[in-house]
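Protein chains: 2
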Amino acid sequence: MTDAAFVPGHVTAFFSAHPDDDPTKAGSRGAGVTLADGVTVRLEAGDGLELNGEELEIEAVDRVLGALRANARVVAETDLPLGSGFGVSGALALGTALVANRVFDRQLSENELVTIAHGAEVQAGTGLGDVVGQARGGFPVRLEPGAPAHGAMDGIPDRRQIEYVTFGELSTEDVLGGDTEELSAAGKQALSQLVAEPTLETMMAASRRFAREADLLTPRLEEAIRDVSEAGGDASMAMLGETVFALDTGLSDAGYDAERCEVCLPGAHVR
Amino acid sequence: MTDAAFVPGHVTAFFSAHPDDDPTKAGSRGAGVTLADGVTVRLEAGDGLELNGEELEIEAVDRVLGALRANARVVAETDLPLGSGFGVSGALALGTALVANRVFDRQLSENELVTIAHGAEVQAGTGLGDVVGQARGGFPVRLEPGAPAHGAMDGIPDRRQIEYVTFGELSTEDVLGGDTEELSAAGKQALSQLVAEPTLETMMAASRRFAREADLLTPRLEEAIRDVSEAGGDASMAMLGETVFALDTGLSDAGYDAERCEVCLPGAHVR
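So the protein sequences, as listed, match chains A and B.
Under the working numbering, think of the first position of the first sequence as 1, with each following residue one higher.
Under the working numbering, think of the first position of the second sequence as 1, with each following residue one higher.
Just so you know, the hints here were simulated from the structure itself, not pulled from any lab data.
Keep in mind that this is a model prediction, so the values were computed, not measured.
One or more hints might be untrue.
Intra- or inter-copy, both count: the list cannot distinguish identical chains.
Unchecked claim - List time: in silico SDA-like cross-link candidates among lysine to any residue, alpha-carbon distance up to 20 Å:
# : residue 1 : residue 2
1 : K25       : H150
2 : K188      : L216
3 : K25       : A152
Chain A on its own, in the form it takes in the complex (with noise of 0.2 Å):
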């Protein structure tokens, strides 16, 4: 089992909800960035799930393994943070499932496998849209929501280093089980804003009202966004972590110890 796989982590900049008791349907419209920072999953003999050398219960991982009949220990590393809104577990279940589908033959095709991915995410309510997302790549728009069979997407043409800065996790259950109206209509109105005119400048302020109008902002969210806007350049909130991204070398340009990555355009992949 030497076979691997690597999904990049997905910072969504505006989202909004979209429901359904069937999770291929389920999903959300919204857009975002993919990171050349992202995770690997590789499969060992065993059980389990071990992150970072750290053993973790991620119930979107189980579910892909039961999905695809895979007895095996999943075994995977990242540079991103847990709960800090990159997507790491909808990563971790799109990893297991690509590297899954070789390991034991399974023959299935690409949407298939972010079929399962996502509906997992959502059947464990832990992601609604990070896994369509990482399996596109690059800045992906998500205009429908749901696996490939029923959601639609987009993208902007664009290439472009992104820095981030984590302070802290935000729960994206809590978030998502409360009342998501008010934060879904935001999430609207910032993709027709999007849509009309899609560019990486107009999803970061679009992104910035979003955070404002659904209340998601922390006090050291609304300071980095501010001063990276001061330094001239262009940040928002990564939904949903207590994380600032910026386009170029935005945070850095505004005194703040950022990472700094391109972005993936390959998407999701076997290697």
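Fit chain B to the known structure of chain A by using the hints.
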């Protein structure tokens, strides 16, 4: 004007033709391979199109420039031969769309640019499925014909080296301009086979059968495919060119002096 776009070469393994009066609905079903060998496109002041230093006229490129109201000279470079089944005209059209969108700040999305390039190729009669495959990257499967709003894509989740040898040209226009009924029946059967078992080995077997049933093989192609098979490899014919492509080192193993490259995971992108 220093921006550039890269578009991978695209080899179609099999296809069925789906004409339509609406060029965004017209297209093909089928599957193929995108290559890390591709076309780099830049714009300069002036007009006309230059490929590897030679003046050229490609109707699809003129149509893209017109659609984007882009007055510029297109300067392109490629290692791939023209008219040999690598989708060079589609790559020129899509690369022109991507780079003109940046240089002239047209603020169009990836889907919009793919739609313009696909429509231009269809209207010029020079291709039906290269552009959407080149945009996706990897091993693209065209489940439904047409530009993104109408078409549907999948992919084979693999990563392999590809080899190819070109003996000469075949005219896409001659084949697509003639009676395509038998060819399309064979293409539909090949796609059913691949959808049931989406692996590269199945794609190659389906491609060989398609080439025989659609009566497209020249003696040189037949010989090379047989040679690779006898050496234990997996080869077929590029649709449409007098070109043989093989998985891994299939052609070298059979004694051919072949070009070798990686699959292009990112698909077309700005640089």
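If you test the structure against every hint from before, which numbers come out violated?
none
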